[in-house]
Structure formats: structure tokens, C-alpha cells
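Q: Sequence:
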Amino acid sequence: MEDEFRKIIDAIGENVKRGGLLDTPKRAASAMKFLTRGYDQTVEQVVNGALFDSDTNEMIVVQNIEMYSLCEHHLLPFIGKCHVAYIPTGKVLGLSKVARIVDMFARRLQIQ
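Going left to right, the sequence shown walks through residues 1 to 112 as our numbering numbers them.
Take the hints with a grain of salt, since some may be wrong.
Simulated restraints on C-beta separations [unchecked claim]: (1) 86 x 23: 24 to 30 angstroms; (2) 84 x 2: 32 to 38 angstroms; (3) 81 x 29: 28 to 34 angstroms; (4) 63 x 16: 21 to 27 angstroms; (5) 12 x 72: 20 to 26 angstroms; (6) 34 x 63: 23 to 29 angstroms; (7) 45 x 81: 23 to 29 angstroms.
Worth flagging that the hints you see were computed from the coordinates, not collected in a lab. This one's a predicted model, so the numbers in the text were calculated from it and none came from an experiment. Even for Gly, the Cβ is constructed at its ideal location relative to N, Cα and C.
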């Protein structure tokens with residue numbers, strides 16, 4: 001990915017060997033991997049067993065979860081808030097895991 005960022009910098013007319021840009025391809029590749037890390041995660045990894053027995057059948061709502069993602073059309077960042085609701089059937093999810101699952105899916109390319 002570093003080589004591709006090097007090509008992009010060159011294509012816009014910048015000198016890739018200029019002092020301020022020497023490490024930019026490496027930093028940009030690292031940033032892109034961070035911004036799209038959801039592709040390297042699974043729900044099972046994120047939940048990590050945090051499912052608990054429950055006899056409730058009332059809706060569980062987690063609101064105002066901040067999310068950060070990239071637009072799949074231009075690869076530009078966007079932010080938003082997400083609300084998740086579910087009705088449990090014998091198990092409930094640890095509340096912090098809901099936000100982590102949202103982050104996992106948000107850290108993939110999206111239509112905004």
C-alpha cells in the first residue's frame with residue numbers, strides 16, 4: 001500500500017523524495033489500515049464471549065454511538081451517530097460490545 005500512496009503523491013505533482021514527504025506513504029498506509037481495520041475483525045472477536053443469559057424480552061436500545069467511516073465513492077471520512085436496538089432471545093450482549101460492533105462495521109467502506 002505504501003507504493004500506491006507514493007504513486008498518488010507523485011501523480012499530484014509532488015516530489016515524493018522531498019523531506020516532508022519521505023515518510024508520508026508509510027504514514028498514509030498505516031492510517032488507511034487503521035481507518036479500515038473492520039475488515040480484519042469478526043463479530044466473534046469483538047464480542048469475545050460477552051453474551052449473558054437473560055430472561056428479558058424487552059427491547060434493548062443503545063443510542064448516540066459515535067461512528068467514523070470512509071465513503072466508498074471517494075474514500076473521504078465522515079462521522080455520524082448510530083442507534084442500535086434489539087430484542088433478546090435468551091441472551092444479552094454486554095453494552096460496551098454494541099459500540100465495538102458498530103465501530104467494526106463502520107471501519108469498512110460505506111455509502112453515507
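Q: The structure should be examined with respect to each hint, and the outcome stated for every one.
A: How the hints compare with the structure:
1. 86 x 23: 24 to 30 angstroms: Between residue 86 and residue 23, where Cβ atoms are some 44 angstroms apart, the hint is violated.
2. 84 x 2: 32 to 38 angstroms: Roughly 36 angstroms apart at Cβ, these two residues keep to the hinted range, so it holds.
3. 81 x 29: 28 to 34 angstroms: holds (29 angstroms)
4. 63 x 16: 21 to 27 angstroms: Between residue 63 and residue 16, where Cβ atoms are some 45 angstroms apart, the hint is violated.
5. 12 x 72: 20 to 26 angstroms: Holds, since residue 12 and residue 72 (Cβ atoms, about 21 angstroms apart) stay within the stated range.
6. 34 x 63: 23 to 29 angstroms: holds (26 angstroms)
7. 45 x 81: 23 to 29 angstroms: The hinted range 23 to 29 angstroms holds for residue 45 and residue 81, with Cβ atoms some 24 angstroms apart.
Hint check: violations occur at hints 1, 4; the rest are consistent with the structure.
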